[in-house]
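Asker: If you want the building blocks of each chain, they are given just below.
There are 2 protein chains.
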Amino acid sequence: MSLVIVGSLAFDTIETPFARRERVIGGSATYCALAASFFTSPKIVGVVGRDFPPAILRFFKSRRIDTQGVEIRPGKTFFWEGRYGYDPNMRETLKTELNVFQDFQPELPPSYRRANIVFLANIDPDLQERILSQIQSPALVAMDTINFWIAHKPDPLWRVMGQVDIFFANEEEIKMLTQETNLIRAGKKVLAKGPRLVIVKKGEHGALLLTRDFVFGVLGHPCEDVVDPTGAGDSFAGGFLGYLDRAGKLSRSEIRRAAVYGSVLASFVIEDFSIERLKTLRRKDIEERFNEFRRLVSF
Amino acid sequence: MSLVIVGSLAFDTIETPFARRERVIGGSATYCALAASFFTSPKIVGVVGRDFPPAILRFFKSRRIDTQGVEIRPGKTFFWEGRYGYDPNMRETLKTELNVFQDFQPELPPSYRRANIVFLANIDPDLQERILSQIQSPALVAMDTINFWIAHKPDPLWRVMGQVDIFFANEEEIKMLTQETNLIRAGKKVLAKGPRLVIVKKGEHGALLLTRDFVFGVLGHPCEDVVDPTGAGDSFAGGFLGYLDRAGKLSRSEIRRAAVYGSVLASFVIEDFSIERLKTLRRKDIEERFNEFRRLVSF
Chain A
1 MSLVIVGSLA FDTIETPFAR RERVIGGSAT YCALAASFFT SPKIVGVVGR DFPPAILRFF
61 KSRRIDTQGV EIRPGKTFFW EGRYGYDPNM RETLKTELNV FQDFQPELPP SYRRANIVFL
121 ANIDPDLQER ILSQIQSPAL VAMDTINFWI AHKPDPLWRV MGQVDIFFAN EEEIKMLTQE
181 TNLIRAGKKV LAKGPRLVIV KKGEHGALLL TRDFVFGVLG HPCEDVVDPT GAGDSFAGGF
241 LGYLDRAGKL SRSEIRRAAV YGSVLASFVI EDFSIERLKT LRRKDIEERF NEFRRLVSF
Chain B
1001 MSLVIVGSLA FDTIETPFAR RERVIGGSAT YCALAASFFT SPKIVGVVGR DFPPAILRFF
1061 KSRRIDTQGV EIRPGKTFFW EGRYGYDPNM RETLKTELNV FQDFQPELPP SYRRANIVFL
1121 ANIDPDLQER ILSQIQSPAL VAMDTINFWI AHKPDPLWRV MGQVDIFFAN EEEIKMLTQE
1181 TNLIRAGKKV LAKGPRLVIV KKGEHGALLL TRDFVFGVLG HPCEDVVDPT GAGDSFAGGF
1241 LGYLDRAGKL SRSEIRRAAV YGSVLASFVI EDFSIERLKT LRRKDIEERF NEFRRLVSF
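Chains A and B, in that order, give the protein sequences.
Under the working numbering, the very last position in the first sequence is 299; numbers go up by exactly one each time.
Under the working numbering, the very last position in the second sequence is 1299; numbers go up by exactly one each time.
Mixed in with the good hints there might be a few duds.
Claimed, not checked - Computed, partial: chain A to chain B, Cβ under 7 Å:
#	residue
1	T181
2	N182
3	R185
4	H205
5	G217
6	L219
7	V260
8	V297
9	F299
Stated by the list, open to error - In the DSS-like style, the derived pairs of lysine-lysine whose C-alpha atoms are separated by at most 30 Å in a straight line are:
#	chain 1	residue 1	chain 2	residue 2
10	B	K1189	A	K188
11	B	K1189	A	K202
12	B	K1202	A	K202
If you're looking for bench data, these hints aren't it; they were derived computationally from the structure.
Backbone N, C-alpha and C fix where the C-beta goes; we use that ideal spot for every residue, glycine too.
Next comes chain A alone, as it looks inside the complex (with noise of 0.2 Å):
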């Protein structure tokens, strides 16, 4: 099969009550395509400005990550700055620089048309909108949103919603858009719009994915250094939609599997800041902690 993931190419300063960190790499494209790397050979789409390190790039496809969609402009690249509480699951926009990330208008590459599963991470629903009309016939489409467009484009945003088979929202987010104060409720709402499955992220608690036929809840990592946590949405999706990929069906237990793997690269990722950790990080870790999850919930 293949995968193409569109969304953003960044820098982040990130904050937490331990750390700082200035203009390191980010992005929900780069953190969704790295941590499906580990099953599949996505290709990405974005835009980044001439700032943007090469090597970085050249990272990408050592990973055998296909950049062809990845547009460089004259310009500065997206940049973003937030803050994290004590609670890991509190964050805090400081500054949203668009740059390059402004006027983009995606032309997918030929190949990138006839992708199987395609991921549409949190970026403007309109857009969202036009690039998918650019892929022929995708099996599996999965989109992100956040806060921003629930609160200012919630019509284009149930619209596009309305195409897709996968909804990932955080709690909170899902809520809003909802304006259900339970969670269950508030997905049964997404499921009634459109998409067969509505992935609940609960950062530290978990994930829950829910159906028309079935519910599956699947636990965070207990991690006693939790040092950012940029990226572990993202990088759950891309776990989770790189390992569907690979496996090349969408049953059941498949789905199961898959949200574990996307639980497992997010507990990685909050190890270290930006994307250090999934430098390091081997397919034989992978494996070990998808095990240790199994041990954590078996009874």
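Chain A is already provided as a structure; the job is to place chain B on it using the hints.
Answerer: Below, chain B alone, put in the same frame as chain A:
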């Protein structure tokens, strides 16, 4: 084996965003004993005023709960009034009237003193210690606590903790007690003080069991209508300890199963106000939900 439960029998006034109930039956020992009664015949220790309905004590007896340790005293029963937010984990205490609980100094009936398992619910740690000293040689002692004792009696609390095997707390409480922001580190601090098992209750996110050798996580049951969260934690303890009392051994696998039964009992209690759901609950419902919990996390 035999299980002694020490705690409150109470009247509660409960306010949620959707409803209010005045002076319904509550109390930690009430919930814990009723939950445990699906597995074993617990012995209850507590005190009530003359205003406490004899019908409830008869109901306890009909569930094979030994009420010999319940004192009936002149005066009024312990009263608690609380309010829950849209997030059922958010609870505010509006009023606490100790009443007959003020001078509670129980002398355990002789048959209680040979208990194998003891549960000390969230009462004054000095009282927990005095009661514990009356039990000859318990195989397993579990305790719970609340913010109030962590804030006002930390030293006696740590002291009694050094004498127990299992420490129950919710997430906020264990972080407050240990002055740690990370749950796993908080749990390790408690494990270093004596208990061999720490059970962190996380409300709708389930519970985490921490030992020196393994970690086990159990999810909350996905619930669309949390009617009244009161008693969830004590019902968890009751299901957990009641199951262990019946199982008669403390192997890892029995501890895991016990935690799932704890979560199952808690998931039923919150479906209605006060102890209402426990009145209609059948063993068959419990087994069905136990199997649902397995499906919820299996991969």
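Asker: Are the Cα atoms of K1189 (chain B) and K202 (chain A) separated by 30 Å or less?
Answerer: It holds: about 25 Å lies between the C-alpha atoms, which stays within 30 Å.
Asker: Mind checking the alpha carbons of K1202 (chain B) and K202 (chain A) for me, to see if they're no more than 30 Å apart?
Answerer: holds (12 Å)
Asker: Against chain B, is F299 (chain A) within 7 Å by beta-carbon distance?
Answerer: holds (4 Å)
Asker: A closest beta-carbon separation below 7 Å is what the hint needs, so does G217 (chain A) meet it against chain B?
Answerer: holds (4 Å)
Asker: May I ask you to test the interface hint for N182 (chain A) with respect to chain B, counting a Cβ-Cβ separation under 7 Å as satisfied?
Answerer: holds (6 Å)
Asker: Taking the least C-beta to C-beta distance, is R185 (chain A) closer than 7 Å to chain B?
Answerer: Since chain B brings a Cβ to about 5 Å from R185 (chain A), closer than 7 Å, the hint holds.
Asker: Holds or violated: the hint that V297 (chain A) contacts chain B, with Cβ atoms closer than 7 Å.
Answerer: holds (4 Å)
Asker: Is the shortest C-beta separation between V260 (chain A) and chain B less than 7 Å?
Answerer: holds (5 Å)
Asker: Verify the proposed pairing of K1189 (chain B) with K188 (chain A), using a straight-line Cα cut of 30 Å.
Answerer: It is violated: about 40 Å lies between the C-alpha atoms, which goes past 30 Å.
Asker: Restraint: H205 (chain A) near chain B, CB-CB cut 7 Å. Satisfied or not?
Answerer: With Cβ-Cβ at 4 Å, under 7 Å, it holds.
Asker: If you take the shortest Cβ to Cβ gap from L219 (chain A) to chain B, is it below 7 Å?
Answerer: holds (4 Å)
Asker: Please check whether T181 (chain A) passes as an interface residue: C-beta within 7 Å of a C-beta belonging to chain B.
Answerer: holds (4 Å)
In summary, the one numbered hint that this structure violates is 10.
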